[in-house]
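**Q** As a plain string of letters, each chain reads:
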Amino acid sequence: MRLPEFAYLAPEDLQEAINLIGKYKNQYAILAGGTDLMIKMKQRLRNAPYVISLDQIAPLKTIREEASRIIIGPMNTLDEIINSPIIKAKLPALRQAAWKVGSPLLRAVATIGGNICLNTRCRFYNQSDFWRLSREKCFKAGGHICHVANKMAVCYSGFVADTVPALIAYNAIITLAGAGGTRKLPLADFYTGDGRRPNQIQRGSNEILTEIEIPVPGDDEKTVYCKYRVRESIDFPVVGAAVTVKKDARQQCLDARIILIGVGSAPLEAKLARDKMVGRSLDADLIAEVAATAAAEIHPVKTDLVAPSYKRKIARVVVAEALRAAGEA
Amino acid sequence: MAIMKKTIKLVVNGETREIAVEVNQTLLEVLREDLGLTGTKKGCNQGECGACTVLLDGKPVSSCLVLAVKADCKSVMTIEGVAKNGHLDQIQETFNEKGAIQCGFCTPGMILTTKNLLDENPAPSTDEIKEAIAGNICRCTGYVQIIEAITALAKAKNAQGGA
Ligand SMILES: Cc1cc2nc3c(=O)[nH]c(=O)nc-3n(C[C@H](O)[C@H](O)[C@H](O)COP(=O)(O)OP(=O)(O)OC[C@H]3O[C@@H](n4cnc5c(N)ncnc54)[C@H](O)[C@@H]3O)c2cc1C
Ligand code: FES
Ligand code: FES
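These protein sequence lines are chains A and B, in that order. Numbering of the first sequence is given in our numbering, commencing with residue 11 and proceeding in unit increments. Numbering of the second sequence is given in our numbering, commencing with residue -5 and proceeding in unit increments.
Hints in this document: simulated from the structure, not taken from any laboratory. Honestly, I wouldn't trust all of these hints.
Label pairs and their calculated CB-CB ranges [to be verified]:
#: 1; chain 1: B; residue 1: T1; chain 2: A; residue 2: I96; range: 36 to 42 Å
#: 2; chain 1: A; residue 1: L143; chain 2: B; residue 2: E74; range: 46 to 52 Å
#: 3; chain 1: B; residue 1: A153; chain 2: A; residue 2: N93; range: 27 to 33 Å
Idealized CB from N, CA, C, for every residue including glycine.
Put together the whole structure using the sequences plus the hints.
**A** In structure tokens:
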């Protein structure tokens, strides 16, 4: 499997990059660390006559604190996220999540921007062209069928990018820049829920993710990320859960957030589960109740190698684990 | 401005080389096919196995996922650069002694990952060793001898350092 032919562009500033995506509309692929894009291109799931690398654009590598916000450039590698003193001190759950991505060999080059923009995955889609030849093309690959849910006109491919639940739990806001200008939006709104085109950029907005901005969390709240995967060394999550718990002086929950991945085509906020927590103290009974509610809120489909019933059980365990850790002082 | 070929500068095992590469060649392909450094193995070719591990500016990476043009002006160490003056490095000797090698396909990557680990952390715990080699898959040894070899190396290094 070799890479297809393409022309390589490495703009040195953001404006130049924006001009290029304006010029080559939908004919290009943005290259960050390449740990996903290179494979997609080898598997012929992505064909782009132009590859635009962002690694010469220095401002996309910032990590800084500014007016009680932490600003993160998308081109920071996951290792750089893990090793950043600011992130270690202020956003520990983001560090936990970055650490849980793949293996060290990947984290040395994989970026946080690439993780946020990661496409959804499915056992029938993320395969070589040779493998896929033995069946009709699925929706996501441009065909007319879903091999997981046979025939229904929906693509169920799963969202599994590990840093995203923690970022959403921390209320991250992202900046997208394109020929039409720059806009900011809450990270949760970036995702469409459509397995074929799971985020706004994949929908064809011709934009670049240029910044991630997170309000510095208050001392009264704690966020934790927990992940279950088949091989602890390298795999994507079966289920990942970020939980934020905000408590008052009497140790009762003032507010909470539970964000799950591995359970649908977008990150999912378990709202029913969260509503059970407000005004109550997070003891073992409440944790069991909330985890069971979260597990009932998801509708997993077999897009990876585990059965949906098993995934529900795992979701319950992972949410409970995250709640316990987030509830500790 | 869009280009299909580019001349890059790579410091390969300490030696500066200028190489004309196709922009769609991976670093792995350039090392194996253009430079003849076939010690770097091609396993899965999709980031899963770690057989293609090289040290890029000192850090282990899967060279099958890195475009050669992205390595421009960087230094690359492959397994061919580990032995010095015809003598195996202590890491290689210890892997031999401890039976940490069977078919050998994972070994170049395993050795380079070990080199980076011990350079950065001379006294790794067993968990830190497991974490470091998480991306280097071995289908033969069951990892036990590999972990023993790395533990022995760390001990020897510390004994030397302490003496
Ligand atoms: C063996 C293996 C295991 C893995 N395990 C995990 C895992 O456990 N968890 C996990 O989350 N991921 C995992 N990954 C996937 C991947 O390595 C990570 O998600 C990584 O963070 C992707 O970042 P990248 O910089 O390499 O992205 P790239 O491959 O460079 O890009 C990914 C996508 O994002 C787009 N993109 C990147 N940056 C921008 C930007 N700034 N603006 C607009 N679009 C952009 C690209 O065009 C592309 O579509 C794994 C991959 C492999 C090969
Ligand atoms: S060949 Fe590169 S990781 Fe397997
Ligand atoms: S010795 Fe055979 S794969 Fe490791």
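**Q** The structure should be examined with respect to each hint, and the outcome stated for every one.
**A** We went through each hint and held it up to the structure:
1. B:T1 <-> A:I96: 36 to 42 Å: 38 Å, holds
2. A:L143 <-> B:E74: 46 to 52 Å: Cβ of A:L143 to Cβ of B:E74: about 38 Å, so the range 46 to 52 Å is violated.
3. B:A153 <-> A:N93: 27 to 33 Å: The hinted range 27 to 33 Å holds for B:A153 and A:N93, with Cβ atoms some 29 Å apart.
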